[in-house]
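Enquirer: Model the full structure from these sequences, guided by the hints.
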Amino acid sequence: MNILLFEKLHAEGLIGDASLKKIKAGNASKLLSLYWELKTLLYLGVLLLSGGIGILVYKSIDILGHQVILSFMALVCTVSFFYCFKKRLPFSLKQVASPNAFFDYILLLACLTFISFIGYIQYQYQVLGNHFGLATFTPMLVLFFIAYYFDHVGILSLAITNFAAWAGIAVTPAKIMQDNNFNSTAIIVTGLLLGILLIAAGFLTKKRNIKAHFQFTYTNFGTHLLYISCLAGMFKFESYFLLWFLLLACISYFFYNKGVKEKSFYFLLILTIYFYIGLSYSIIRLLFDIAQLDLSGVYLVCIYFIASAIAFILFLIMMNKKLKTL
Amino acid sequence: MIAYNKEWLDNLLIQQQLDAAYHKNFINKEEFLSVNNEYAAGFYTPNIFIRIGLFILTLVIVSFSMGLVALIMVSGVNEKTVGALLLFFGVLVLGVLQFIIQKKHHYKSGVDDALLWVFGGCIIGGINLMMDISTTGNALLIVIFSVILFLRFTNALMGGVAALAFLTVVFLSYSKFGNFAKATTSFLIMLLAAIIYVAANNLFNQSKFRHYKSGITVIKIVTLFCTYAAVNYFIVREGSIALFNLTLKEGESIPFGWLFWSVTFVIPIVYIYMGIKKKLVLFLRVGLLLTATIVFTVRYYHPVLPLEMAMTFGGLLLIGIAYALIQYLQQPKYGFTYQKIIDSDALDKLNIEGIVIAETFGGVKSADANNFFGGGSFGGGGATDKF
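Heads up: the sequence lines are chains X and Z, in that order. Residue numbers for the first sequence follow the numbering used here, beginning at 1 and rising by one. Residue numbers for the second sequence follow the numbering used here, beginning at 327 and rising by one.
Simulated from the structure, these hints should not be mistaken for laboratory data. Be aware that a few hints might be false.
Computed cross-link-like contacts, DSS-like style, restricted to lysine-lysine with a CA-CA straight-line distance of at most 25 Å [unchecked claim]:
id, chain 1, residue 1, chain 2, residue 2
1, Z, 604, X, 24
2, Z, 659, X, 8
3, X, 322, Z, 350
4, X, 261, X, 322
5, Z, 659, X, 24
6, X, 206, X, 94
7, Z, 355, X, 22
Expert: Shown next, in the form of structure tokens:
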């Protein structure tokens with residue numbers, strides 16, 4: 001901090017004597033926080049270790065045999081869970097801090113080995129059978145339980161990912177567009193339902209005050225899934241695109257209210273981007289398919305984009321003002 | 327020289343200091359508010375998410391305006407006319423940028439950011455379409471324009487672009503002077519990057535350049551990386567093969583290989599050492615990142631351990647080091663601590679950690695197709711690229 005500046009402010013009478021003293025004292029004992037650096041190291045460590053063990057296990061199946069590997073995984077898993085169970089702070093419906101810096105990572109390690117373990121015995125022995133997606137359903141239940149019991153948002157994200165996988169959809173940010181074939185009706189419908197379900201879960205989480213800080217994770221996954229599925233529906237069922245646009249408008253209205261109520265700039269941005277894509281698609285369809293325009297349509301499209309972008313800029317500027325004064 | 331209202335920029339600097347003091351509870355709320363009131367800045371700077379939105383929408387407006395004009399003049403389009411059109415647009419965009427800043431007081435609003443980059447793109451693209459320019463000439467053009475734009479609009483990334491482009495110009499023109507030059511290019515670039523770093527570091531604390539602080543920081547980061555990249559064994563070896571047509575047999579080393587190998591190892595360690603000794607976060611972070619490149623460089627030429635063993639041991643080592651340091655720094659020691667210093671972080675709210683975990687570990691394969699809705703194929707390929 002710039003001491004000269006604060007001395008000047010002090011001389012102008014804007015800052016009291018006591019505060020200036022605190023600033024000078026605070027400046028003398030300058031501490032450098034290595035919090036994020038060490039967290040990143042720890043995270044990278046867990047990432048490398050679990051990845052390395054994974055490959056190691058895969059490569060040494062022939063040498064060690066299934067039982068040895070399975071017992072090794074079970075051992076790592078049990079020890080980690082035991083540690084977390086011992087160290088955990090008492091359960092509460094509110095946010096619970098981690099007892100120490102490693103707790104979260106050991107829990108993560110435990111969950112990851114658990115998932116591998118289930119996957120392994122399922123692949124090898126089909127213990128859970130081939131019906132009703134039990135092989136993904138069981139770990140999902142366990143992950144949800146762990147996320148709530150030990151209060152771990154990362155595990156909750158894993159659980160949601162598993163939940164979506166059980167329903168047949170990949171929802172991690174990079175894979176949501178890659179691994180899903182949004183041309184299939186089943187995926188679109190599943191995506192819509194799942195999105196609504198997740199948003200409802202987020203809503204209840206907050207309303208009932210059950211781990212209210214989990215709300216954002218639920219809502220965030222749900223929002224993107226819902227919007228992408230809705231847009232996919234719009235592109236797939238071309239002839240009914242206006243109906244889908246109606247749905248899009250309803251969703252956007254819902255998030256508009258939510259964003260204003262929670263003062264969330266993030267949701268306003270998200271809804272603006274998705275709604276803009278849907279609106280532009282509909283306008284282009286209207287111009288070329290319904291009105292059957294040719295070159296004059298291209299002019300109109302250009303003018304539409306310029307005008308609409310200006311309108312949305314004004315909207316965002318207005319919202320920025322509105323949310324700040326709330 | 328700076329387009330923005332300088333008095334307000336100064337007030338912003340005061341407000342930043344004040345924010346820090348307020349977050350650490352050094353000053354009370356009345357003091358915080360009264361100083362903020364006294365030193366108010368009238369800039370229009372919206373929330374970061376709104377800024378992103380405005381950035382995208384401004385790009386939409388500019389590109390479709392250009393499209394519209396191009397459509398109207400659709401007859402007689404060739405490279406030259408498009409180039410002239412781009413230059414014309416560049417000038418127009420610059421005018422709008424000036425207007426937005428001086429009359430509407432936009433500062434980091436997304437609109438000014440977008441127009442700045444569009445202007446640069448239009449000018450460079452336009453000149454290239456109008457005449458034939460070599461790569462070196464282009465790099466030189468970028469240096470000239472990015473320096474001017476950096477000085478006038480203080481955009482931090484523009485400073486980084488200027489530094490990178492300058493090093494590129496030197497690299498391209500120096501290596502043309504025969505074999506001796508080719509052999510010494512690496513060291514010249516290393517030296518030059520280091521000199522730029524020292525110069526930038528000197529300017530950093532001069533009050534004359536107080537409005538360029540974030541830009542200078544970017545320049546410092548870029549030059550720290552370049553200092554290392556210029557002499558990293560992997561980059562020098564593969565770069566010489568690709569750019570200077572050096573012919574090496576598989577596994578053969580470059581001339582003075584030992585020298586490059588030693589700097590490959592030494593520089594990151596020096597960075598970390600200086601970071602700890604002088605408490606420079608920048609050196610510490612860059613040094614830690616570069617340590618990873620040491621590992622990659624070594625493993626690329628000498629795969630001493632199978633990958634999975636290296637990962638397992640590396641993971642164990644990292645966890646061990648982090649464990650030891652976190653235990654050690656529970657109480658602040660030598661000016662370092664494990665405690666978070668400022669809590670309110672925009673990134674914290676978005677819960678980046680959870681998303682990263684889901685992304686890196688959540689590689690669960692979707693269940694088989696025969697679930698509730700009975701069927702549907704799960705191929706690759708997305709439905710839209712507009713995400």
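Enquirer: Hint by hint, note whether the structure agrees.
Expert: Consistency of the hints with the structure:
Pair hint residue 604 of chain Z plus residue 24 of chain X holds up; C-alpha atoms about 20 Å apart against a cutoff of 25 Å. Taking the CA atoms of residue 659 of chain Z and residue 8 of chain X, the gap is near 32 Å; set against the 25 Å cutoff, the hint is violated. As the CA atoms of residue 322 of chain X and residue 350 of chain Z are separated by approximately 29 Å, the hinted pair breaks the 25 Å bound. Distance hint between residue 261 of chain X and residue 322 of chain X is fulfilled; the C-alpha atoms sit about 11 Å from each other, no more than 25 Å.
Of the pairs offered as hints, the one joining residue 659 of chain Z and residue 24 of chain X holds, with about 20 Å between alpha carbons and a cut-off of 25 Å not exceeded. For the given pair, residue 206 of chain X sits about 11 Å from residue 94 of chain X by alpha-carbon distance, which is consistent with the 25 Å threshold. At most 25 Å may separate the alpha-carbon atoms for a hinted pair to count; residue 355 of chain Z and residue 22 of chain X meet this at roughly 15 Å.
Violated hints, listed in ascending order, are 2, 3; each of the other numbered hints is respected by the structure.
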